[in-house]
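Participant: Next come the chains, spelled out residue by residue.
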Amino acid sequence: MSHPDQGSPRDLAAAYALGALGPEETRDFEAFLAGSPETQREVAEFRDVAALLALGEPARAAGADLRNRVLARVSEEQSRRIPRSPSGSSGFRTPTAVWGALAATILAVVGLGAAILSLRGDLARLNQDLAERQLQLEAREATLNAILEPGVELYQLTSSGDPNPGIQLFWDRKRNSAIINGFRLKPVPEGKAYQLWFIKDGKPVPSVTFKPEPTGHARVEQVPVPTDGKVSAAAITVEPAGGSPQPTSPILLVGPLQKS
Amino acid sequence: MPKPAPPSAPPADHDLVGRAAQGDQQAISTLYDRYGGVLYAVAYRVVGQRADAEDVVIEAFAQAWRDAIRFEATRGSVAGWLTMIARSRALDVVRARSRRDRITASAAADQPQRSPAMGDWRADPSDSYDHAERQQQVQAALQTLSPPQRQAIELAFFEGLSQSEIAERLKEPLGTIKTRVRLGMQKLRDSLRPFFFERGP
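Quick mapping for you: the protein sequence lines, in order, are chains A and B. Taking the working numbering, the leading residue of the first sequence gets 1, the next gets one more, and so forth. Taking the working numbering, the leading residue of the second sequence gets 1001, the next gets one more, and so forth.
Mixed in with the good hints there might be a few duds.
[Unchecked claim] Restricting the straight-line Cα-Cα distance to at most 20 Å, the calculated cross-link-like pairs of lysine to aspartate or glutamate (EDC-like) are:
no., chain 1, residue 1, chain 2, residue 2
1, B, 1187, A, 228
2, A, 203, A, 228
3, A, 230, A, 172
4, A, 211, A, 30
5, A, 186, B, 1159
6, B, 1187, B, 1133
7, A, 174, A, 149
8, A, 211, A, 228
9, A, 174, A, 228
10, A, 211, B, 1072
11, A, 211, A, 76
12, A, 211, A, 24
13, A, 192, A, 38
14, A, 211, B, 1133
15, A, 186, B, 1015
16, A, 192, B, 1015
17, A, 211, A, 190
18, A, 174, A, 153
19, B, 1187, A, 42
20, A, 186, A, 213
21, A, 174, A, 221
22, A, 192, A, 213
23, A, 192, B, 1072
24, B, 1187, A, 38
25, A, 230, A, 153
26, B, 1171, B, 1159
27, A, 230, A, 201
Derived from the structure by calculation, the hints contain no laboratory data.
Modelling step: build the complete structure from the supplied sequences, incorporating the hints.
Facilitator: Okay, here's the thing in structure tokens:
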């Protein structure tokens, strides 16, 4: 895939990874990011750079019990996942329960300051989660709309030996663009990625690279389809993560791009 | 050079996150052994004192435990994910502190302590997660940046400023700041690529 010119959204990948974009810029960039596997990879690299920045400082000692405190906190989270027992639910309370409730109230008051701080953090996180989910939802809706556009054709890329993995290719001929949706894809080795090829005039034309999620799913949108020639098929191989100009490994999945 | 994990090595980071999502606390324990030091370094750099930095690390791992189910290996390394969580929680602390008129901050400022090595964090018998070499390389890579580039990057990451806020603070044009951040980060990426953290499949 070609690299965008200077001033393209991709130039913001480093700032995004550092958390240095304003809210609007972040929204716009994430919309762009959703459709650009290359930029996603770049952001992941810049995130590692950011994580490494802290190591530029002299190492400092934490308390010896920090590990235990972390694990205790996680245990506390674990216990919150467990549903409450019936005795903790509603109903008439016995005197013992009343004293217990009072004691709990006192503890609650003592911990109120900490709780407020914690709640503020939770609220900020929830807002962030909500914004992220909204973006995901919008991206999915956009994908659905793109697939349902009149004139979009669906083709299947299948594996000859193993019927398990598959790729659906939605070809929007009006826009010379495609969406690929993969499922049950095996993980690729470190440094490798799946690469899509269009077979045009009998020759493979390199297209996007992508890696599946741990669930085996992969989706790439806005994949340009070659226009100046007869595109008869599409295929998938495993190539170096940056992509290859020619296939260097056997075809894993293939399918015709012509209506029978 | 970093040592690749041997075939019989401890579980991969993304597997640990997967196990944490299933409720395996031992997975978080292992992640702490690997990256607790990195998270503490980030937290300390942002909040500037030990007690708050420790609280940040605790809350960061608690959040990682809650959010493990949403972790997407394709979006980067586990170390990067954990670091961003710790940074966000640390910035929350700093913001809350400034709202409290910095009373707590002035009362509890710690003196930096001399380095017990990052290796002290490792309970893992393998030395695959020893950050000492990474640390040396990061310090060397940071030296290759121009001071303005380094300043812009550090203001963004450790103080949570947007590029516009950095421009405002430094009284420089926004475009200049954007260029410094981009070129500086690209330079660091090129220098540090061999030291990136383990990636998912």
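Participant: It remains to establish, for every hint, whether it holds in the given structure.
Facilitator: Taking the hints in turn, this is what the structure says about them:
1. B:1187 <-> A:228: The hint is violated at about 39 Å.
2. A:203 <-> A:228: It holds: about 13 Å lies between the C-alpha atoms, which stays within 20 Å.
3. A:230 <-> A:172: holds, 15 Å
4. A:211 <-> A:30: Holds, because 19 Å separates the two Cα atoms, which is no more than 20 Å.
5. A:186 <-> B:1159: With a Cα-Cα distance of about 41 Å, the restraint between residue 186 (chain A) and residue 1159 (chain B) is violated, given a limit of 20 Å.
6. B:1187 <-> B:1133: holds, 19 Å
7. A:174 <-> A:149: Holds: residue 174 (chain A) and residue 149 (chain A) sit about 10 Å apart, inside 20 Å.
8. A:211 <-> A:228: violated, 28 Å
9. A:174 <-> A:228: Distance ~14 Å between residue 174 (chain A) and residue 228 (chain A) Cα, so the pair holds.
10. A:211 <-> B:1072: Holds - the C-alpha atoms of residue 1072 (chain B) and residue 211 (chain A) are around 12 Å apart, at most 20 Å.
11. A:211 <-> A:76: Roughly 36 Å between the alpha carbons, so the hint for residue 211 (chain A) and residue 76 (chain A) is violated.
12. A:211 <-> A:24: violated, 28 Å
13. A:192 <-> A:38: Holds: residue 192 (chain A) and residue 38 (chain A) sit about 13 Å apart, inside 20 Å.
14. A:211 <-> B:1133: violated, 29 Å
15. A:186 <-> B:1015: holds, 15 Å
16. A:192 <-> B:1015: holds, 19 Å
17. A:211 <-> A:190: holds, 10 Å
18. A:174 <-> A:153: At roughly 11 Å apart (the allowed maximum being 20 Å), residue 153 (chain A) and residue 174 (chain A) satisfy the hint.
19. B:1187 <-> A:42: Holds, because 13 Å separates the two Cα atoms, which is no more than 20 Å.
20. A:186 <-> A:213: Holds. Residue 186 (chain A) to residue 213 (chain A) sits at ~9 Å (cutoff 20 Å).
21. A:174 <-> A:221: Holds: residue 174 (chain A) and residue 221 (chain A) sit about 15 Å apart, inside 20 Å.
22. A:192 <-> A:213: With a Cα-Cα distance of about 14 Å, the restraint between residue 192 (chain A) and residue 213 (chain A) holds, given a limit of 20 Å.
23. A:192 <-> B:1072: Holds - the C-alpha atoms of residue 1072 (chain B) and residue 192 (chain A) are around 18 Å apart, at most 20 Å.
24. B:1187 <-> A:38: holds, 18 Å
25. A:230 <-> A:153: Holds. Residue 230 (chain A) to residue 153 (chain A) sits at ~16 Å (cutoff 20 Å).
26. B:1171 <-> B:1159: Judged against 20 Å, a Cα distance of about 17 Å means the pair holds.
27. A:230 <-> A:201: Status holds; Cα separation ~5 Å.
Violation of the numbered hints given earlier is confined to hints 1, 5, 8, 11, 12 and 14; the remaining hints are satisfied by the structure.
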